[in-house]
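Student: Protein chains in written order, with the UniProt record's numbering: chain X, 1 to 245; chain C, 1 to 182.
Honestly, the hints are just simulated from the structure, not real lab data.
Be aware that a few hints might be false.
Unchecked claim - BS3-like cross-link-like pairs, simulated, lysine-lysine; straight-line CA separation at most 25 Å:
#1 C:Lys13 - C:Lys131
#2 X:Lys19 - C:Lys58
#3 C:Lys58 - X:Lys14
#4 X:Lys30 - C:Lys13
Each chain is listed here by its residues.
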Amino acid sequence: MSENLENKIMSQIKSGKLKLHSRYIFLAEKLGLSSALVLSALLAVLFCSLLLFYLKETDNLVYLSFGRLGILAFLDSFPYLLVAVFVVLLFAAGYLISQSDWSYKKPFKYVAFGLLAFVLLIGSTLALTGVVRKMEEQAFRGSGPGMFFRPFFEQGIEMRGRGIVGRIFEIDGDYLIVETPHGLQNVSLKNLRCEQQCEQFKKDDFIIAIGQRKKDVFMAEKIQKIEPGRMPMIHRGIRRQFEIK
Amino acid sequence: MNPSQLTDEQLVKIIRGKDRELYSQIIKRYQTKLSHYLRKFIYNADELEDVLQVAFIKAYRNLYGFDVNKKFSSWLYRIAHNEAINYLKKNSTGQISLAEVEYKLIDEKINLSEDLDKILLKKKVERYLNKIKLKYREPLILFYFEQKSYQEISDILRVPRSTVGTLIRRGKDQLRELLLNY
């Protein structure tokens, strides 16, 4: 068997039937894998910072301050798309690491934990810097690299079914007319579970309300006054809507 | 320079550079070792030779994929291991066959009771090695029969070094239990 096998293989090599794969194939494979890994890890960091920025700068988490009633509004404004992309990128980075030459040397749970720690640490640091805010400006201006992330930022100021945020433009009996990034909206106070009165509010106050949208009117069930600085993304959205335009 | 004095890694460099025919040295060096290893997974001699041939051909084709700073034998065993796994996925296994020297190794290292009937023991080891889960059988075979170090086994099986010890210990326990209880 031994001579036979050697002869079989060597005759194929000598005749040129059996050839070495080009070194460039291996080089390209290695470079491709490394680049894909770096890209997916960097994008995961970026989406982590976008997600943290979204949670910090939009109305989403504020709805939870209404207690049980605010949960629907919270779920309604939750950034599912951002979270989904972030999770997919994390899994992609984890998968690419598992395909690398070195990953098997350490148990995968350590590698996965390291990746998660890296992404969360750098992502949250990035969220604290002005980078994401600059991207948001670019997204709404429609210029620069930030414009590619517009769908993710837009979700932060889009119209909600269960909640509303804006600046009071006018108070009219049982109605508030509120400036939002989508223009003036009517907020009815008829369903207000009211320990609160309209008189508490005055023009230019920032308010956040939960309730239900019925056609063009938002039927508020609870309203809170908020500091303008708490909602910069909405605030900027209103400025764009009413001042810049 | 006499090719037999060169290390595997030096040989690979020369084969990749100009002298393809030196690959026969690699085949000579590893044919017996690898067929020994594959015999623990593949019972049929003809099929074993086919798998071995495929492993050598794949290794040759992918020589540029080997990092000469690493150990060539681990890389080659990894290819043979993958081929054995592919074979096992397609085929049901027969009873493996142990050489006399291997039987002595397992007797010494697994530390079975001395008064067991040696011939009976050999037959039992042959029969029960196949009954152990593949994930335990592989490191057990590499460690006891192929005399590979933990690091080499880690490189061949692509599992962390610390896991190799655990797998060997569990495999050994399973084999001992099977040998003593049946």
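Student: Please go over all the hints and tell whether each is borne out by the structure.
Tutor: Consistency of the hints with the structure:
1. C:Lys13 - C:Lys131: Not satisfied, since the Cα-Cα distance of roughly 41 Å exceeds 25 Å.
2. X:Lys19 - C:Lys58: Distance ~10 Å between Lys19 (chain X) and Lys58 (chain C) Cα, so the pair holds.
3. C:Lys58 - X:Lys14: Holds, at about 16 Å.
4. X:Lys30 - C:Lys13: OK: Lys30 (chain X) and Lys13 (chain C) at ~19 Å, within 25 Å.
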